[in-house]
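Colleague: This is what each chain is made of:
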Amino acid sequence: MAKQKNVLPGFSLSLGFTIFYLSLIVLIPLSAAFIKTTELSFLEFWHIVTAPRVVASYKLTFGASLVAALINAVFGLLTAWVLVRYTFPGKKFIDALVDLPFALPTAVAGIALTAVYAGNGWIGSWLEPQGIKVAFTPTGVMVALTFIGLPFVVRTVQPVLEDLEAETEEAAASLGANRWQTFSKIIFPAIWPALLTGFALAFARAIGEYGSVIFIAGNMPMVSEITPLLIITKLEQYDYVGATAVAVVMLIISFMLLFAINGLQWWTNRNTTSAH
Amino acid sequence: MSVITTSQYTSYHNKVARSRATSEPAWVRYLLIFTALSFLTLFLFVPLAAVFTEALRKGFGTYVTALLDPDALSAIKLTFIAAIIAVPLNLVFGVAAAWAIAKFEFKGKSILITLIDLPFAVSPVIAGLIYVLIFGLQGWFGSSLVDNDIKVIFALPGIVLATVFVTFPFVARELIPLMQAQGKDEEEAGLVLGASGWQILWRITLPNVKWGLLYGVILTNARAMGEFGAVSVVSGHIRGMTNTLPLHVEILYNEYNYAAAFAVASLLALLALVTLALKTFVEWKAASNASYNESAVQ
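Those sequence lines, one after another, are chains A and B.
Residue numbers for the first sequence follow our numbering, beginning at 9 and rising by one.
Residue numbers for the second sequence follow our numbering, beginning at -1 and rising by one.
To be clear, the hints were calculated from the coordinates, so they are not data collected in a lab.
Don't take each hint at face value.
As the list claims (entries may be wrong) - Pair ranges (Cβ atoms, derived):
| hint | chain 1 | residue 1 | chain 2 | residue 2 | range |
| --- | --- | --- | --- | --- | --- |
| 1 | B | Trp200 | A | Val92 | 37 to 45 Å |
| 2 | A | Arg278 | B | Trp200 | 34 to 42 Å |
| 3 | A | Thr176 | B | Gly181 | 45 to 53 Å |
| 4 | B | Tyr28 | A | Asn14 | 52 to 60 Å |
| 5 | A | Phe191 | B | Gly181 | 31 to 39 Å |
| 6 | A | Trp130 | B | Thr60 | 19 to 27 Å |
| 7 | B | Lys149 | A | Ser133 | 28 to 36 Å |
| 8 | A | Asn14 | B | Gly192 | 15 to 23 Å |
| 9 | A | Lys100 | B | Val26 | 21 to 29 Å |
| 10 | A | Pro97 | B | Arg55 | 28 to 36 Å |
| 11 | A | Gly184 | B | Trp200 | 56 to 64 Å |
Bear in mind the structure is a predicted one, so any value in this text is a computation, not a measurement.
C-beta atoms are modelled at their ideal positions from N, C-alpha and C, and glycine is treated no differently.
Produce the complete structure using the sequences and hints provided.
Modeller: Take a look at the structure:
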């Protein structure tokens, strides 16, 4: 069909309302953060966002988020693989429960993980004699962020794995490839964009996470204090400008990640549609 | 109908094909299943089970007392009120945005879609902060709000705003791809037959996407009732007044009242399990609808 005049009604009403509501709830309030930082000179801004305690919180937030996203990339791919390719009892039930971190309020996740991984908890009491302390250390932050990001990789890789055509693998097998070669040369390249998207989504979610982390982290300045908590601490001391300056740094990084993820998703879609 | 559907064909085909050359040896399969399940157990199942065991550790009496505490009841009430206001607002927005984006072509559409996703990328803490900057005492409207004796921050309006922000994209994200996939042939047919815009929306578009819509609402509601970070910044934590359920959990926990904290948390965990059950049901319903439509076409 060539270009055709759209006859459906309601375009200006729906688009107008969308833009109005978007501006009111999201765009104008977000711009408030950027406007607030104009109260600072660039030097003052730089001084706040590079203070040692703030830098320590970036290191923890981004480091723990990166490790958690990597763990999720490995085990999320494995979980998606097992759920798509194999049968075992309770599979449907487990498949549904993978979304639990999306549905469970973060505060509940936080106190539950703390109870389990604390020195007297079910898993903590078993790890601590081996010299592994999880709760109230940076490792605890990583555990909470792994929980939060768990569904992202599974749910982005799963549909792509389901859509893979068996014929390609058969062809590889009949040409003499062993299973590992088929996986690394045929399957992995096909799911790679989805895996990377899932990894980026888990990472982006982890950076901003607050509720599940603060209970298990111990929240020691310079050691186990994440950046979102530092923003709240500054707010509670009525240091609105300082809180906003740190928030703006996080916002800029989050926006860059969002654009990267959109690009990745565009790439994934292009790859999967060209395969058909 | 004697014709075999494509989906039946592929599933049959896959079953045969997976038997030998394109599957792994049994020991590899079992090892992979075991590793995946161990990971899920350590990070998902054990924490979930811990919520309920900790909640009932001091007996059923303590559990019920914690839930019937006046502060807990008022937290439950506030959580419901915030969700009842926030969910319909984002539902209307989601339908309007999906209608404009899925049924029409215009410049800047992909930018608009990215902007709708923005709240997903923003830390909940920052979501709360931006409303404090606008409506707080030293904010843009702070002094005029005080003059008129209107409270936004540390009151219900602030909690609702923060909740609306964090749940902003859910319905729109569900509906946009669904409505794009459905095209607009049916709507145009309705128009030719003389239906008005609202009639088309109510009788054609919304019934076509009802499962996706319901799914979006379920997700929005779960997040709205469970939001912690954003609400924590704007609520002020006034017991019995501006405490939602997740904030009440935090207060009890910080007072070392673990049994009560986990009792209230178990309510939220139940809500999450119900959400997952509904979600699975809706997906199953949508899938069986889709395969029914597919075989009807063939």
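Colleague: Run every hint past the structure and note whether it holds.
Modeller: Status of the hints after comparison with the structure:
{"no.": "1", "hint": "B:Trp200 to A:Val92: 37 to 45 Å", "in the structure": "holds (38 Å)"}
{"no.": "2", "hint": "A:Arg278 to B:Trp200: 34 to 42 Å", "in the structure": "holds (36 Å)"}
{"no.": "3", "hint": "A:Thr176 to B:Gly181: 45 to 53 Å", "in the structure": "violated (30 Å)"}
{"no.": "4", "hint": "B:Tyr28 to A:Asn14: 52 to 60 Å", "in the structure": "holds (56 Å)"}
{"no.": "5", "hint": "A:Phe191 to B:Gly181: 31 to 39 Å", "in the structure": "holds (38 Å)"}
{"no.": "6", "hint": "A:Trp130 to B:Thr60: 19 to 27 Å", "in the structure": "holds (21 Å)"}
{"no.": "7", "hint": "B:Lys149 to A:Ser133: 28 to 36 Å", "in the structure": "violated (46 Å)"}
{"no.": "8", "hint": "A:Asn14 to B:Gly192: 15 to 23 Å", "in the structure": "holds (18 Å)"}
{"no.": "9", "hint": "A:Lys100 to B:Val26: 21 to 29 Å", "in the structure": "holds (23 Å)"}
{"no.": "10", "hint": "A:Pro97 to B:Arg55: 28 to 36 Å", "in the structure": "holds (30 Å)"}
{"no.": "11", "hint": "A:Gly184 to B:Trp200: 56 to 64 Å", "in the structure": "holds (60 Å)"}
Violated hints, in rising order: 3, 7; the structure is consistent with all others.
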